[in-house]
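Engineer: Residue numbers (our numbering), protein chains in the order written: chain R, 87 to 544; chain S, 87 to 544; chain P, 87 to 544; chain U, 87 to 544.
Think of the hints as simulated: they come from the structure by calculation, not from any bench. Each residue gets a CB set at the ideal place from its N, CA and C atoms; glycine is no exception. Certain hints may be false.
So the derived label-pair ranges between C-beta atoms look like this [said to hold, decoys possible]:
(1) S:107 with P:149: 51 to 61 Å
(2) P:301 with U:157: 39 to 49 Å
(3) U:107 with P:532: 30 to 40 Å
(4) P:295 with R:91: 54 to 64 Å
(5) R:507 with P:478: 44 to 54 Å
(6) P:90 with U:496: 22 to 32 Å
(7) S:161 with P:443: 24 to 34 Å
Computed footprint of chain U on chain R; a stretch qualifies when at least three of its residues, placed anywhere within it, have a C-beta under 8 Å from a C-beta of chain U [said to hold, decoys possible]:
(8) 97-110
(9) 294-303
(10) 346-354
(11) 357-365
(12) 375-386
(13) 526-538
Computed far set for chain U versus chain S, every beta-carbon distance over 12 Å [what the hints assert, rightly or not]:
(14) 150
(15) 153
(16) 159
(17) 229
(18) 240
(19) 358
(20) 488
Read off the chains here:
Protein chains: 4
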Amino acid sequence: MSRFSEPPDPVFRRLNASVDFDRRLALHDIAGSRAHAQALRTAGVLDDDELARLDDGLGAVARELEEGEFRFEPDDEDVHMAIERRLTEIAGPVGGKLHTGRSRNDQVATDTALYVRERCEVAIGLVRALMGRLLDLAERHSDWPMPGYTHMQRAQPVYLGHHLLAHFWMLARDARRFSVAREGAGELPLGSGALAGLNWELDRDAVARELGFESVSANSIDAVSNRDFVLDYLAAAAICAVHLSRLAGEIVLWSSDEFGFCVPGEEFSSGSSIMPQKKNPDAAELIRAKAARIAADGDTLLGVLRGLPLGYSKDMQEDKEALFDAADNLELCLEAADGMLRGIEFDRERLAEAAADELMLATDLADLLVSRGMPFREAHGVVGGLVRHSLERGARLSELSRDELASFSELLDDDYYELLSAERSLESKRSAGGTASVRVREQLEVARAALRGIEAAR
Amino acid sequence: MSRFSEPPDPVFRRLNASVDFDRRLALHDIAGSRAHAQALRTAGVLDDDELARLDDGLGAVARELEEGEFRFEPDDEDVHMAIERRLTEIAGPVGGKLHTGRSRNDQVATDTALYVRERCEVAIGLVRALMGRLLDLAERHSDWPMPGYTHMQRAQPVYLGHHLLAHFWMLARDARRFSVAREGAGELPLGSGALAGLNWELDRDAVARELGFESVSANSIDAVSNRDFVLDYLAAAAICAVHLSRLAGEIVLWSSDEFGFCVPGEEFSSGSSIMPQKKNPDAAELIRAKAARIAADGDTLLGVLRGLPLGYSKDMQEDKEALFDAADNLELCLEAADGMLRGIEFDRERLAEAAADELMLATDLADLLVSRGMPFREAHGVVGGLVRHSLERGARLSELSRDELASFSELLDDDYYELLSAERSLESKRSAGGTASVRVREQLEVARAALRGIEAAR
Amino acid sequence: MSRFSEPPDPVFRRLNASVDFDRRLALHDIAGSRAHAQALRTAGVLDDDELARLDDGLGAVARELEEGEFRFEPDDEDVHMAIERRLTEIAGPVGGKLHTGRSRNDQVATDTALYVRERCEVAIGLVRALMGRLLDLAERHSDWPMPGYTHMQRAQPVYLGHHLLAHFWMLARDARRFSVAREGAGELPLGSGALAGLNWELDRDAVARELGFESVSANSIDAVSNRDFVLDYLAAAAICAVHLSRLAGEIVLWSSDEFGFCVPGEEFSSGSSIMPQKKNPDAAELIRAKAARIAADGDTLLGVLRGLPLGYSKDMQEDKEALFDAADNLELCLEAADGMLRGIEFDRERLAEAAADELMLATDLADLLVSRGMPFREAHGVVGGLVRHSLERGARLSELSRDELASFSELLDDDYYELLSAERSLESKRSAGGTASVRVREQLEVARAALRGIEAAR
Amino acid sequence: MSRFSEPPDPVFRRLNASVDFDRRLALHDIAGSRAHAQALRTAGVLDDDELARLDDGLGAVARELEEGEFRFEPDDEDVHMAIERRLTEIAGPVGGKLHTGRSRNDQVATDTALYVRERCEVAIGLVRALMGRLLDLAERHSDWPMPGYTHMQRAQPVYLGHHLLAHFWMLARDARRFSVAREGAGELPLGSGALAGLNWELDRDAVARELGFESVSANSIDAVSNRDFVLDYLAAAAICAVHLSRLAGEIVLWSSDEFGFCVPGEEFSSGSSIMPQKKNPDAAELIRAKAARIAADGDTLLGVLRGLPLGYSKDMQEDKEALFDAADNLELCLEAADGMLRGIEFDRERLAEAAADELMLATDLADLLVSRGMPFREAHGVVGGLVRHSLERGARLSELSRDELASFSELLDDDYYELLSAERSLESKRSAGGTASVRVREQLEVARAALRGIEAAR
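My request is simple: use the sequences and hints to build the entire structure.
Structural biologist: In structure tokens:
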């Protein structure tokens, strides 16, 4: 910039330079530049020969990047300048024409939007794969009884397949969220210039089509100020990461000696440097932890944009590392969750033993009283008293005598004893979405269809 | 609960009781209860008479709530218990039948989803009103030149109307986001019981229709564990609040003596307790600040859910105050932003004076050279040198002589001087989405249609 | 403010008014006003009679507040104005003299600093009480073996008392943190005026002494811009809340049927609306969850202050609700944690049974080999192989034969079998800070002294 | 770990391996290992020859690291394993003895504490340098009048030196905070083993002395679970970053054409890729933005630790990248702020012109009335009316006639006109900490002493 007489200070260079991280936008930048060059040709700014030289040059730069042969130089402030510098080395002075009718402001917004769209697609693919994994697991364990928990206390028996499908549906919402986020990044910023629009009437619709955008931004100031599409991705990533953390948290819990419900595959576990017996669920722990970091990435960008005047401000350069960090970690967690579940082994016996805890059938007993006309609230109280009595007596509910039952309610007869079976309880949960086998089978079919829907949509 | 022999400790009561804040779900809770009672009738759990007594009782409770006559009692732990308690006082023991086939877990999820849907609708309405306000302001100021800024430095002239429309489009994305969030809260949780489903096959589809949900949740465990819909609302609110903070930040800036671009209405300003001359843009400052708080509300719930096992945990009670705080503050900010803009006065003269800064036309000079065949990168350098020269000489660009120009480039002739006008620069930004009048007029029409689209969709 | 011709809009009033929450600063405000009035007397701004009337009036207002008889009026914008209004009603026009040499900017900073100092003291007191509770529990359970966990996997046996003391030391750091935060709020802002200082040379040192501050702020602009003391409190609160959440998370875990290590007192537990058998650790769950909210309160203020120019901005009004929310919730959590532990019962048998898991002694076996000259890394491998062998054979480590041992290492002799006892393992952890009884007893003494140190310091 | 039969999955390896980032702890790790080896010698676990070989080997590894010749291998899971692997290559099988009486749990806690202590020292040094820069600037501009602002509105005249000193005092608090954080990291974790303590009575006090710790941790479980010292650093960093963001925000604002108060040095500014005239305050913008990121780093760790059971969990590995990111960015911002201020030029004329705004003297006029006996609240109203009158009349306050004055108050005489000077206003702010020259000079001396205090303390 010849307006300047002083070179940048080395400290400032370190603070300011983004090429160490924005280099991963390089191929998107080149795609944008090729479409822009074509638009400059259509508008008559370039002639055919210039276009060809630029296009060939950009192709050559892309190849260097793909083959790992591109050399970033110390003076390359950002990926845009690095590519233009290299292009000019290859194609000669015509390289200096490429930036006509373009600013880094609309350029970087375009690159970032392309990147976000790609990340959304990748996330959808990984989410889908994990959904498939869960679905397979759910099918294989659709009739394994286990305790359902609330407050981490045994509540009512459920089938393991039913529980695993709960995670499936959480992920289905994530897939939708990434799909909406992808759409939200569907407006082309390029063609907005620094912020006011251009002196050249470039065919922005053609550029949008070429790059796969659905439309062009309606307002040039908004186009360069907007990072909503990054915020949307980060919000989707944060929620998806929370879902994964809940899954991972359960794996950690269930892998404990006390629960003993599952053993994650060795290839996703670690030992200890000191304790030779340890096999730790490290993958699950890290997935659980990374949700905090991914949420923090979203906070960063919300914080950066808060109160910022419109038009590009350099603050916005801080969007990228947050985005990259979130995407890298989310994708890694999704892959690792899939891998971790691939080798997981559930312990049918431990699950069944826990599921046989009769206290979890108390609600069914109350419902028995209800079906005989007692208001639920009263029935709840009667069974509560029964539970307390059995705990104080040190007897299981099924060990109480008819006389003892009668002292709590006349309505309790031999049907009481028949109810005290996990299987019976499970199969009576026949309301839509319930854990009864018929419902779980139904659900598996709907889930299978939902999964196909995601595949088709890609 | 008769299983207990000890009453709750007063400290625990303070920690545990939610009635002080969840009472605002009261009418949603009653709506849910009425639909549930109907479903119990259909399933044969209630007879016609019982249904009628419950329904009348719930209607009476609703009236007490609406008329501010409902008395919450010290022992009411939460809004659900308060309503059931009062219902039973009014309708007698049949009140105890209402909780058949229902748990607070699916009940509170349902109430909260209904609340979120309502908040989304309210937010869309307020966003739409503010969009309308901005559109009117943009129309009235569509041809007022002002400086466009990047890095808070004057960059290129734009029309004030164009700048205001940038805020319009930001809000348009918010309206979409709340609409997606509303859809995301469209699955009925009720009918999932504590987590396993119910012993009663209630007609969940009918309940969903009655309450305005689009479908029923597919999995009972997911239904009681899920708070995605609150997260979606909070993410939408956080982004919308950031948008408002950027608008507000500009109002604060533009109201400074140094900018002097606008004066917010007195009815949205405050004085000082010590300095008699002060008229401070308090409304804008508070809107700016509240974005931090609203984002923090989202963090709270992400944090609460992170790593939490499925099935209801009491941690999830912390969803509500975060949600209420975000909704209250966002809605207040949207209303206040609208009011603040209602009385705002822009200073055409100050804006025009600032817009007349010739340095902002440097890009146009570079483009002149480009149109004469010089590569942009070279042209950028030539004009940079020219700018530096004029600053060093203490002359405006238009005061440079032909000879001086020639010393920079032979391509600079009398057209140079003609370019040095804000109006000319503005009108030449004719690319789609640019600030040229023709484009702004186009944009106003599209914006008007977009606004109608939101109105129609409600 | 007679500079204004328009009254505030009702929406603005709702946004702007702080009296609904800053009223809790009322008594601090009055204390500050009394000290300020005295300084005005010393400086000759007031005469003795005026001072007396102001002081009596402020005393009367304070009494109204304490007795709940103070009436806030709709036009009271904030607590400062409400008190001045009431003072003037009581004391007459002299009330209008009180605000001489003072601005709400230095006034609210002073009130808030006083409030923070008080909250720090309260937090220290509550932390100390909880430390005392943990210490008592640790003493009573100092020799109860239990498994120590890493990665939520059994690692090595420890004493329950030792584990409980770990929480004690976490809280000891919290006490220090609140103490440092209190000191950090030790500079008096009052006497800084709006931001430039005063036209009156008030004796700020006297005011500081009167209000209990250690010194006066050195710079009037910093004094009104500074909220570091709130940030310090919020950081301390966030860390303390994380500590409580770790304690609470363990209580939830240990209360599960699978762990069964403890039962929290009924008076800090809840039942279920549907499942009559449930006794849920609600207090622990809420304490765990509230840490997210308290951290978010800190984020709010960091976000509000970020990038804010010096001098008071209205954004800073958002400091208070974050502070109040954090303080209320932290104090409630501290009290509830104390209460929850008061009634907790540990199950010695379940703990001991779990502690008897021989695999936790693997490290001791490796150390045996080390003591016989084998490098630890090799010993770790030998014992790892042994563990795998025993798991594959389905035998406990103590059931392996001498021949089997010999196939792993010649160094394994009968001492091997003697090592396989939790007690022996526990008692051999004699390094400083280790779990051996002698070390735990030592630690209890140090802890008791540390606790006395906190009491003395208050 | 020979307990495992399956090698780690490549995805798990990517998730789990920390060597890409924890390698920056390498030298701290070696320091810890040397001290540990010495302790093993004292305890008789090693003989003199073994100690010598380990110590020499560790020295050789350290040299390789310092000279950039150390090769991390693909199988090196973390820095600890990498160093032990290389040590064993160099020193032979004795390398396998080093991990006796040590776990990665206490090892990594120790390395991290050493790292935090170093970062605190670096931060204090950089803060001190920036304080020195501000102090020099303040001295050089101690008598330059400028407007003081509240609500970004001109409030009262202050000296630029006084304003710059406000930033000095903010940083002084940061220096204290880092000093407290350093002390908080003063307990040695090493010697705690996996979590239970050790079978070897190592002399932990000697290790602590060797590594510069003040004491040893009192409880082995706490020692491996504790990351308070990282949280303390992150809290201090977040607050310091907010301070820098406020300074940077003012530089951005003051560099705008409209304010025109300063021009940051060219070596800390950037141009535009499209607009040849631009000179943007990029350094200030980036410093402003990075505060959001640094705060998010703190959120990450609070989130990771929340609810985590005691004893090491793999989640805690997520402490490091947050810490490194915060430290790198904070240190870069501190350096850049210093550099940015080194070349800054203030515009005395523009500042003085703005400072001459008579409206800023309204408070002085009110105080004049007060000194003549009018209660301040009434005086405030009188002057408010006067201001409004002058604005409506389009006259400056000094242009109002004696008659006009009299119509507002009889107490306004010729002294009124004398008060209407920025200099007089400035010099009358003689309260302690005020902007009057005498006070600023005093403050400069106190500041100089405070700076020396920090230097001495290091």
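Engineer: Would you mind marking each hint as holding or not holding in the structure?
Structural biologist: Each hint tested on the structure:
no., hint, verdict
1, S:107 with P:149: 51 to 61 Å, "violated, 32 Å"
2, P:301 with U:157: 39 to 49 Å, "violated, 56 Å"
3, U:107 with P:532: 30 to 40 Å, "holds, 36 Å"
4, P:295 with R:91: 54 to 64 Å, "holds, 56 Å"
5, R:507 with P:478: 44 to 54 Å, "violated, 36 Å"
6, P:90 with U:496: 22 to 32 Å, "holds, 24 Å"
7, S:161 with P:443: 24 to 34 Å, "violated, 45 Å"
8, 97-110, "holds (count 5)"
9, 294-303, "violated (count 0)"
10, 346-354, "holds (count 4)"
11, 357-365, "holds (count 9)"
12, 375-386, "holds (count 10)"
13, 526-538, "violated (count 0)"
14, 150, "holds, 40 Å"
15, 153, "holds, 42 Å"
16, 159, "holds, 33 Å"
17, 229, "holds, 22 Å"
18, 240, "violated, 5 Å"
19, 358, "violated, 7 Å"
20, 488, "holds, 20 Å"
The structure shown violates the earlier hints numbered 1, 2, 5, 7, 9, 13, 18 and 19.
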